[in-house]
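A.B. asks: As a plain string of letters, each chain reads:
There are 4 protein chains.
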Amino acid sequence: MSNVAKQMEAVRVLGPGRFGRAATILAEMFSDQNYSNFISLAGPIIPGGLRTLIVDLVDQRLIDGIVTTGANVTHDMLEALGHRHLVGSETLNDAKLKRLGLSRIYDLLVEQKAIEHLEKTTYQMLNRISESKRRNIATYELLWDFGKQLLDNHSLLRTAQKRSVPIFCPGIFDSMLGLNLWTYSRLDPLMINPFKDFSKLVDMTYETKKVGAVILGGGMPKHHVLIANSYRGGVDAAIQITLDRPEGGGASGAPLEEAISWGKIKNEKKLATIVGDATVIFPLLTLAALERVKKSS
Amino acid sequence: MSNVAKQMEAVRVLGPGRFGRAATILAEMFSDQNYSNFISLAGPIIPGGLRTLIVDLVDQRLIDGIVTTGANVTHDMLEALGHRHLVGSETLNDAKLKRLGLSRIYDLLVEQKAIEHLEKTTYQMLNRISESKRRNIATYELLWDFGKQLLDNHSLLRTAQKRSVPIFCPGIFDSMLGLNLWTYSRLDPLMINPFKDFSKLVDMTYETKKVGAVILGGGMPKHHVLIANSYRGGVDAAIQITLDRPEGGGASGAPLEEAISWGKIKNEKKLATIVGDATVIFPLLTLAALERVKKSS
Amino acid sequence: MSNVAKQMEAVRVLGPGRFGRAATILAEMFSDQNYSNFISLAGPIIPGGLRTLIVDLVDQRLIDGIVTTGANVTHDMLEALGHRHLVGSETLNDAKLKRLGLSRIYDLLVEQKAIEHLEKTTYQMLNRISESKRRNIATYELLWDFGKQLLDNHSLLRTAQKRSVPIFCPGIFDSMLGLNLWTYSRLDPLMINPFKDFSKLVDMTYETKKVGAVILGGGMPKHHVLIANSYRGGVDAAIQITLDRPEGGGASGAPLEEAISWGKIKNEKKLATIVGDATVIFPLLTLAALERVKKSS
Amino acid sequence: MSNVAKQMEAVRVLGPGRFGRAATILAEMFSDQNYSNFISLAGPIIPGGLRTLIVDLVDQRLIDGIVTTGANVTHDMLEALGHRHLVGSETLNDAKLKRLGLSRIYDLLVEQKAIEHLEKTTYQMLNRISESKRRNIATYELLWDFGKQLLDNHSLLRTAQKRSVPIFCPGIFDSMLGLNLWTYSRLDPLMINPFKDFSKLVDMTYETKKVGAVILGGGMPKHHVLIANSYRGGVDAAIQITLDRPEGGGASGAPLEEAISWGKIKNEKKLATIVGDATVIFPLLTLAALERVKKSS
Numbered sequence: 009m010s011n012v013a014k015q016m017e018a019v020r021v022l023g024p025g026r027f028g029r030a031a032t033i034l035a036e037m038f039s040d041q042n043y044s045n046f047i048s049l050a051g052p053i054i055p056g057g058l059r060t061l062i063v064d065l066v067d068q069r070l071i072d073g074i075v076t077t078g079a080n081v082t083h084d085m086l087e088a089l090g091h092r093h094l095v096g097s098e099t100l101n102d103a104k105l106k107r108l109g110l111s112r113i114y115d116l117l118v119e120q121k122a123i124e125h126l127e128k129t130t131y132q133m134l135n136r137i138s139e140s141k142r143r144n145i146a147t148y149e150l151l152w153d154f155g156k157q158l159l160d161n162h163s164l165l166r167t168a169q170k171r172s173v174p175i176f177c178p179g180i181f182d183s184m185l186g187l188n189l190w191t192y193s194r195l196d197p198l199m200i201n202p203f204k205d206f207s208k209l210v211d212m213t214y215e216t217k218k219v220g221a222v223i224l225g226g227g228m229p230k231h232h233v234l235i236a237n238s239y240r241g242g243v244d245a246a247i248q249i250t251l252d253r254p255e256g257g258g259a260s261g262a263p264l265e266e267a268i269s270w271g272k273i274k275n276e277k278k279l280a281t282i283v284g285d286a287t288v289i290f291p292l293l294t295l296a297a298l299e300r301v302k303k304s305s
Numbered sequence: 009m010s011n012v013a014k015q016m017e018a019v020r021v022l023g024p025g026r027f028g029r030a031a032t033i034l035a036e037m038f039s040d041q042n043y044s045n046f047i048s049l050a051g052p053i054i055p056g057g058l059r060t061l062i063v064d065l066v067d068q069r070l071i072d073g074i075v076t077t078g079a080n081v082t083h084d085m086l087e088a089l090g091h092r093h094l095v096g097s098e099t100l101n102d103a104k105l106k107r108l109g110l111s112r113i114y115d116l117l118v119e120q121k122a123i124e125h126l127e128k129t130t131y132q133m134l135n136r137i138s139e140s141k142r143r144n145i146a147t148y149e150l151l152w153d154f155g156k157q158l159l160d161n162h163s164l165l166r167t168a169q170k171r172s173v174p175i176f177c178p179g180i181f182d183s184m185l186g187l188n189l190w191t192y193s194r195l196d197p198l199m200i201n202p203f204k205d206f207s208k209l210v211d212m213t214y215e216t217k218k219v220g221a222v223i224l225g226g227g228m229p230k231h232h233v234l235i236a237n238s239y240r241g242g243v244d245a246a247i248q249i250t251l252d253r254p255e256g257g258g259a260s261g262a263p264l265e266e267a268i269s270w271g272k273i274k275n276e277k278k279l280a281t282i283v284g285d286a287t288v289i290f291p292l293l294t295l296a297a298l299e300r301v302k303k304s305s
Numbered sequence: 009m010s011n012v013a014k015q016m017e018a019v020r021v022l023g024p025g026r027f028g029r030a031a032t033i034l035a036e037m038f039s040d041q042n043y044s045n046f047i048s049l050a051g052p053i054i055p056g057g058l059r060t061l062i063v064d065l066v067d068q069r070l071i072d073g074i075v076t077t078g079a080n081v082t083h084d085m086l087e088a089l090g091h092r093h094l095v096g097s098e099t100l101n102d103a104k105l106k107r108l109g110l111s112r113i114y115d116l117l118v119e120q121k122a123i124e125h126l127e128k129t130t131y132q133m134l135n136r137i138s139e140s141k142r143r144n145i146a147t148y149e150l151l152w153d154f155g156k157q158l159l160d161n162h163s164l165l166r167t168a169q170k171r172s173v174p175i176f177c178p179g180i181f182d183s184m185l186g187l188n189l190w191t192y193s194r195l196d197p198l199m200i201n202p203f204k205d206f207s208k209l210v211d212m213t214y215e216t217k218k219v220g221a222v223i224l225g226g227g228m229p230k231h232h233v234l235i236a237n238s239y240r241g242g243v244d245a246a247i248q249i250t251l252d253r254p255e256g257g258g259a260s261g262a263p264l265e266e267a268i269s270w271g272k273i274k275n276e277k278k279l280a281t282i283v284g285d286a287t288v289i290f291p292l293l294t295l296a297a298l299e300r301v302k303k304s305s
Numbered sequence: 009m010s011n012v013a014k015q016m017e018a019v020r021v022l023g024p025g026r027f028g029r030a031a032t033i034l035a036e037m038f039s040d041q042n043y044s045n046f047i048s049l050a051g052p053i054i055p056g057g058l059r060t061l062i063v064d065l066v067d068q069r070l071i072d073g074i075v076t077t078g079a080n081v082t083h084d085m086l087e088a089l090g091h092r093h094l095v096g097s098e099t100l101n102d103a104k105l106k107r108l109g110l111s112r113i114y115d116l117l118v119e120q121k122a123i124e125h126l127e128k129t130t131y132q133m134l135n136r137i138s139e140s141k142r143r144n145i146a147t148y149e150l151l152w153d154f155g156k157q158l159l160d161n162h163s164l165l166r167t168a169q170k171r172s173v174p175i176f177c178p179g180i181f182d183s184m185l186g187l188n189l190w191t192y193s194r195l196d197p198l199m200i201n202p203f204k205d206f207s208k209l210v211d212m213t214y215e216t217k218k219v220g221a222v223i224l225g226g227g228m229p230k231h232h233v234l235i236a237n238s239y240r241g242g243v244d245a246a247i248q249i250t251l252d253r254p255e256g257g258g259a260s261g262a263p264l265e266e267a268i269s270w271g272k273i274k275n276e277k278k279l280a281t282i283v284g285d286a287t288v289i290f291p292l293l294t295l296a297a298l299e300r301v302k303k304s305s
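Chains as they are written, first to last, in this note's numbering: chain W, 9 to 305; chain B, 9 to 305; chain X, 9 to 305; chain E, 9 to 305.
Honestly, the hints are just simulated from the structure, not real lab data. Quantities reported herein were computed from a predicted structural model and do not represent experimental measurements. Among the hints, a few may not be true.
No farther apart than 27 Å at their CA atoms in a straight line, the calculated lysine-lysine pairs in the DSSO-like style are these [claimed, not checked]:
no. : chain 1 : residue 1 : chain 2 : residue 2
1   : W       : Lys14     : E       : Lys302
2   : E       : Lys14     : W       : Lys14
3   : X       : Lys104    : E       : Lys278
4   : B       : Lys208    : W       : Lys141
5   : X       : Lys208    : E       : Lys128
6   : W       : Lys141    : B       : Lys204
7   : X       : Lys204    : E       : Lys128
8   : B       : Lys208    : W       : Lys204
9   : X       : Lys277    : X       : Lys302
10  : W       : Lys277    : W       : Lys303
11  : B       : Lys141    : W       : Lys208
12  : W       : Lys302    : E       : Lys278
13  : W       : Lys277    : W       : Lys217
14  : B       : Lys106    : W       : Lys217
15  : B       : Lys106    : E       : Lys104
16  : W       : Lys204    : B       : Lys204
17  : X       : Lys128    : E       : Lys204
18  : X       : Lys277    : E       : Lys104
19  : E       : Lys141    : X       : Lys208
20  : W       : Lys204    : B       : Lys104
21  : W       : Lys170    : W       : Lys156
22  : X       : Lys104    : E       : Lys277
23  : X       : Lys278    : X       : Lys14
24  : X       : Lys302    : B       : Lys303
25  : E       : Lys217    : X       : Lys106
26  : X       : Lys218    : E       : Lys104
27  : W       : Lys302    : E       : Lys14
28  : E       : Lys303    : W       : Lys303
Start from the sequences and build out the full structure, keeping to the hints where you can.
C.D. replies: Following this line, the structure appears as structure tokens:
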């Protein structure tokens, strides 16, 4: 695999060149102790099969901070509660699925009863957090508290809590988990303070010599990692894997180079964009990077 | 134009069929008084030239609620302060642009001095909001307060405030404006409460007979409009315009039908997805819909 | 409509800027008598509802040459024989459709009996062409001969023949019509000579002061129009509408600028790429261009 | 690598599920002696770094037939003549490149002098083919004749000729090589007969128990492999890797399932589409498939 990645890098142009360069950059992020690495997760990274991989990277201390959508947190919790996704198809009838108590993510199905289970568990876990803490809590604090209470060792929330890796979830309000937080807040004290999250995130970028950014998908998680690094003059190295397009001008599909003009990335030398599906590309890229790290150590 | 849209609808399949159907659905949303219409804005909708159009729709009471990224709010404020984007190119050197004090969005350039101007103005506007209000403020309240203070009648924030149309910005933290809010909060009291936003948004969906959703781009704004409607059993009609793909499983590119299985959309009958750039398609679609409304009235 | 296009052009950046610029370029191609205009058709342009529009442009002498896939020729002939597509859905079961004698193009259905009808008719039409001609025939000659024999005045083949507009079909072998030509050739003399086509196409580019290229979709038709113009130093103006991406390096998604380095396009000044579905965008763009032509005349 | 692919297949949904399934199907095509495998090449497969891989697969008799664009043949010949691509960037100025004698494919550069070298060599090679043969030659015969005359053992044309693997090039006219064939034909006898190609291709699909299709990119090569198999009732197994979209209705982005309704594919059981860049995905997929073949043998 490492050889294939090297051959691809030797092409130096087009997709193979970008894949090979990304493997080299990722290997540097993983092996150079000066780096703190942040990974952003948008799209169905956890339900799409990368849960084990991300947990392993956190457990091996190769990732220092996570910025994610609420959906990925929701799915980590669903799996921690013992629920598995079902195999469906993108051509199933959605009205029928709803009647059957199933919700669809492309060809993956989630049982509504799992989501109801999550609701109850969320309330129980919130009740175990002290009211004073709940009155002004960052998402990373909340998710560490949840991680402590989840019994599943394969859980990203639990592993992140064990390794003191913060999970930032700036759009936590916008997810199934977020609905539970909102309904809870209507009866019991709960105030999430995203400013605390941002302070923690910015502090982390200051306390390290180098920042590496691993960007899976676009969305707010991508932009959030980058903008938090603008105070320190930008990240030092970044790779992104996305199917979003640049022409529309949205941040999701923007080339990493564009972020240089905003001061969110330092220079062009350690950047690689791979146009592709992160759930396919990232496991292969990580394999290539880790083999390279092993060889050189 | 109305004729062309009708001819396109007559094709009934492929892109023209979807464009024609979307025009019909939009015309219904605009003419049927039972509808409250929510528009979601992701990507450079405001800097991409749709500011006037969105302001007009709000001014004419055709849009009742807005869910947007922080970036679009930021750009509305920049323009309200008198700054205009510059015309660049997607092939410009970003390190050079940074040295010149210019930041890039594809082929559009923003002056850093405009962003500095925004920072000062934001602080001034925040100071004029009472401290008690600032200690627990929803984004829609904050943006109405800003709207009141902006003197530009072409401003979306100002027009929305005049028309009592709330602008929800669940990811406000993740924008240039959001950075200003965060730095302000480190010295002065400011606590944004997204739960208040969500309560307002959900209440609005309950207080209307029908909900129409106009989804420009994907991201959190898209998902947020839809998830807020899950309590009432889903939106009644929806159109989306996006270049994001469905296969990766992310919410941005998901077909509207998928949301039926989640209870966020009611049924398949009044749904249309157009694969395209919202800044190109939406003005043309609106023209077709409004011509149709005029003819039938 | 013309006003909307002008407003879009005034944005000068992102999608609206490109749409507006494309409208201006197309208006020039349509109004400046020095231009010979070539249109390339890839993807379901004819079955996707643009048959009437393309026929009108040919009939009004706004298009001087066509380069198309065999599929678009096949569908023009099917419609000329009285067959209409059926409205399906992209989620239908294809094995079931096959049993029902239906073939699918996304959400459009074609009856197999229509294709059988085409086969018989093709043989009859070929029989009416003299054997000597059949032994060395260009695709544009063949399609003119077919056009003469088709009774449908809405047919592109017939209209093109009437207007002496050649239809070049370099991949004619690769279509349902092409299969019929191949089976015919196994029993009766038929030799298609694409070199004759190319000579005619190159001659046309020499005999005009200016060449305009209207590129709908990518594929061989796009590349063929451009490469044929390399002998004269490139086309003078070009617009393209495509959903294909540039990053993979394929010609279909390549920016027009790239063709300058190959000598297929003259300079950057009269080029516009719109990322979108040609069957949606082209009718709207043509409307905008024709309104502009009318106003200035 | 084989383990990673198995883990991905275990996900069974979304991108990883499709990658894993594709690896399984490809392993079956490579190991089951009943299969004749056809590969289609569209986009810069050869200049994009897959030349060695494709040559190896042909040399190991894992591929029995090739359908390609003219551009890939052109680039194989350029490399066989000793020319290498240069490393550029997608932001270079194309007018400037032209003045420097360089032509661009995204971030890859080709020297015009290499293309001139190819022209002379093509004429020399054509002169060495007997006039009688030249008067009625299939593309696969022509490319075997060229393969015989090329001295580079890394050449796809040479290796294919040695292994008697036909290279079908239905759009040969539409390439730099095609221009050379056309100019030659204006002075010397040369008549390419695509009907002979198609007869050979169809015969091959009849003479094998099973047909496997490996589709890299879309375009005419994809469609050509599939349509040629419609006479035998469709291919038995197929994988495709493409960045093209399905919604526009073009054959390039169409899901493989659609081809079932046309009788070009037998059933849904052995089909997998990976949304991605073939030059990135195919080397990794092949590695996974070959490891699996080795393990089971």
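A.B. asks: Does each hint hold? Answer for all of them.
C.D. replies: Verification of the hints:
Taking the CA atoms of lysine 14 (chain W) and lysine 302 (chain E), the gap is near 22 Å; set against the 27 Å cutoff, the hint holds. With a C-alpha separation of about 23 Å, the suggested pair lysine 14 (chain E) and lysine 14 (chain W) falls inside the 27 Å cut-off, and the hint holds. The suggested pairing of lysine 104 (chain X) with lysine 278 (chain E) holds, with an alpha-carbon distance near 17 Å, which does not exceed 27 Å. Between lysine 208 (chain B) and lysine 141 (chain W) the CA atoms are separated by roughly 25 Å; this keeps the pair inside 27 Å, and the hint holds.
Taken as a hint, the lysine 208 (chain X) and lysine 128 (chain E) pair is honoured in the structure, with Cα atoms around 24 Å apart against an allowance of 27 Å. With a CA separation close to 19 Å, the supplied pair lysine 141 (chain W) and lysine 204 (chain B) stays within the 27 Å bound. Between lysine 204 (chain X) and lysine 128 (chain E) the alpha-carbon distance is near 22 Å, which keeps this suggested pair within the 27 Å criterion. Of the supplied pair hints, the one linking lysine 208 (chain B) and lysine 204 (chain W) holds, its CA atoms being roughly 24 Å apart against a limit of 27 Å.
At roughly 24 Å between alpha-carbon atoms, lysine 277 (chain X) and lysine 302 (chain X) fall within 27 Å of each other, so this suggested pair holds. A C-alpha spacing of about 23 Å is found between lysine 277 (chain W) and lysine 303 (chain W), which places the hinted pair at or below 27 Å, so the restraint holds. Restraint check: the Cα-Cα separation between lysine 141 (chain B) and lysine 208 (chain W) comes to about 25 Å, which is no more than 27 Å; the hinted pair holds. Only pairs whose Cα atoms come within 27 Å are accepted, and lysine 302 (chain W) paired with lysine 278 (chain E) is rejected, the gap being roughly 37 Å.
Distance check on the hinted pair: lysine 277 (chain W) and lysine 217 (chain W) sit about 17 Å apart at the alpha-carbon level, within 27 Å; holds. Restraint check for lysine 106 (chain B) and lysine 217 (chain W): satisfied, since their Cα atoms lie roughly 22 Å apart, inside the 27 Å limit. At most 27 Å may separate the alpha-carbon atoms for a hinted pair to count; lysine 106 (chain B) and lysine 104 (chain E) meet this at roughly 25 Å. Proximity of lysine 204 (chain W) to lysine 204 (chain B) is assessed by CA-CA distance (about 18 Å); at most 27 Å being required, the pair is judged to hold.
Note on lysine 128 (chain X) and lysine 204 (chain E): the hinted pairing holds, with a Cα-Cα distance of about 22 Å set against a maximum of 27 Å. About 14 Å separates the Cα atoms of lysine 277 (chain X) and lysine 104 (chain E), which keeps this hinted pair within 27 Å; it holds. Under the criterion of a C-alpha separation no larger than 27 Å, the hint pairing lysine 141 (chain E) with lysine 208 (chain X) is consistent with the structure, at around 25 Å. The suggested pairing of lysine 204 (chain W) with lysine 104 (chain B) is violated, with an alpha-carbon distance near 34 Å, which exceeds 27 Å.
Taking the CA atoms of lysine 170 (chain W) and lysine 156 (chain W), the gap is about 8 Å. The hint holds against a cut of 27 Å. Straight-line distance between C-alpha atoms of lysine 104 (chain X) and lysine 277 (chain E) comes to about 14 Å, which keeps the hinted pair within the 27 Å bound. Annotation: proposed proximity of lysine 278 (chain X) to lysine 14 (chain X) holds, straight-line Cα distance about 17 Å (limit 27 Å). The straight-line distance between the Cα atoms of lysine 302 (chain X) and lysine 303 (chain B) is roughly 24 Å, inside the 27 Å bound, and the hint therefore holds.
Taken as a hint, the lysine 217 (chain E) and lysine 106 (chain X) pair is honoured in the structure, with Cα atoms around 22 Å apart against an allowance of 27 Å. Under the criterion of a C-alpha separation no larger than 27 Å, the hint pairing lysine 218 (chain X) with lysine 104 (chain E) is consistent with the structure, at around 23 Å. Proposed proximity of lysine 302 (chain W) and lysine 14 (chain E) is supported: the alpha carbons are some 22 Å apart, at most 27 Å. With a C-alpha separation of about 24 Å, the suggested pairing of lysine 303 (chain E) with lysine 303 (chain W) holds against the 27 Å cut-off.
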